[in-house]
Amino acid sequence: MYGATQMRYLVREAFLGLARRRISGSVAVLIMGSALLMLALFSIITINLDAILQSLRGNVDAEAFLEEGLEEGQRQNLQQELLSLDGVDAVYFISPKQAIEEFRRDLGEDASLLDVLDENPLPASFRIRLAKDVIHDADRMEELLGVIGRFPGVDEVVSQVDLIRHLDHLGRVFVIVDLVVGLLVLISAIFVISNTVRLTVEERARSIDIMKQVGATNWFIRMPFLLSGALQGALAGALAMGLLMIAHRVLQNEVGGVYFFGPGQIVGFIVLSTLLGAVGSATALRRHLRI
Amino acid sequence: MNRVPDPDRTAAGASPTTFDPLQGPLDPRTIISAYHVDLRYGNHYALRDVNLQVANGEFIFVVGPSGAGKSSLLRLLTMDEFPTEGRVIVGRFVSSRMKRSRIPLLRREIGVIFQDFRLLEDRDVFDNVAFAQMVVGVGSAEIKRNVTRVLNWVGLYHKRKQKVITLSGGEQQRVAIARAIVNSPKILLADEPTGNLDPEVSQEVIDLLFRINNAGTAVIMCTHDHIMVRQYGERVVKLEEGRITADVQRYRPQVSRKEKAVAEKAYRPHEEGAQRRQPESWERAVLDVDGGEEG
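Respectively, the protein sequence lines represent chains A and B. Using our numbering, the letters of the first sequence correspond one by one to residues 1 to 291. Using our numbering, the letters of the second sequence correspond one by one to residues 1001 to 1295.
The hints are simulated quantities; they were obtained by calculation from the structure and are not laboratory data.
Sample of chain A residues at the chain B side, in silico, Cβ under 7 Å: (1) 2; (2) 3; (3) 5; (4) 9; (5) 20; (6) 207; (7) 210; (8) 214; (9) 215; (10) 216; (11) 217; (12) 220.
Positions of the beta carbon are idealized from the N, C-alpha and C atoms, including for glycine.
Could you put together the complete structure from these sequences and hints?
Next up, the structure:
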């Protein structure tokens, strides 16, 4: 039923509506922008904390110390067998000589202490890199390390499974806190946006009544509000993202190593803001569109 | 017949014969009918057992004091309200079978004007009238043609680009009339259209309503001004405390000398009230509308 004339009218009406209420519209964009800024800031903090947790896990290798007097052939067999285990990504051989070098390097200035020693007390070892899914599961990791420890020729296995357990616990708490706070921020953002749009709708309650009286369908009345709400949402989202980008650039120069949204996430965030703006105006209008 | 013509004009309390088209024969000229309609808010009856039939092309005054239910009756016809009991039929729309989504369709077939004009104040005259066409889905070229036609007709084309708040009350009501008729409705409802206007401007508005009626549109006009109503030879429906207490066809104006003097002073100081419905009379009235407002 509706042709190009009506489409053009609705779009023009959306922009005209924004132009007519320039001040309240700008205030709405600013308020929405602040709510969205909180949302984005929260997401950024989440991303960065998650990255820190991940990088901590990445450094966790297991070390299997070998019994003394192991033949070269036995040692290579053992390496093959360990490598064939499920959950083991790589096995590196560390000779006693390499071990003492590393130790020396770790000690740094105090390396001269080692000069006292007559001979190298360190045994040969395998440094075992575990698969990601094993690192994420402390129980499975402990079990795997037990298996490795029972191989003939392996003297002792050392790992930071306690650290992993700790990280696991921390991660779980973090996810819960994250969900709760994220939900709260999202709900309050919707609430704020809906209320802001409601202000502009209240101004127009009389017009809406008149339009209904003349025979406009609810969608016809709603459309310009939805469009301008979406536009305001997009503006607010871009504003929040822009502010955050500037803040990130400054922080990056000062501290460095702070993660930011990828291009896809930036687009996604602005799309989300647009939707929030539209949903906000839809809920704000609902009361007025009852016949 | 859709109503009882009462030669004695003493039909106080008369209840017209009612044919429910869902049960009995239908007068093909009937465009509006109400059958035993109650409208109740809690314990308060806004309307009680209202029966009314309106034929195509009729002109009806609905009179009665404020709060008698005149506006409630109009709200039933635009289906802003639905009867608590009984049934309202407007054109092809039946209140008891009305879906909310069809209400806009009904409103497009009825023109409505109000005491407070109800124009979109942030828009100009043209856009206000064009909106009624826009919601129907008319294309822009046709909108332009139709809006130009009705604005010329009410004598406001030269003010089409003005914001409506810059217009006088009479002009605003004429814009509202233009908006009400731009979709060529079969029915025009007017709720105290002259309530906010000076007597002279009121006369112009009423003359416009008669012209619209003359073109074939049924007009129902609510007013509490009995004196004015008596000048016209029209059907008068009287509402009191929610009931229709009279439904009278006036064939000739019958005005007491005193009332006539008051009416002439108030409305048309230099013309005979009785001549009001003669064609030349209201042609002249419209000319007055165009000339008078600009001066």
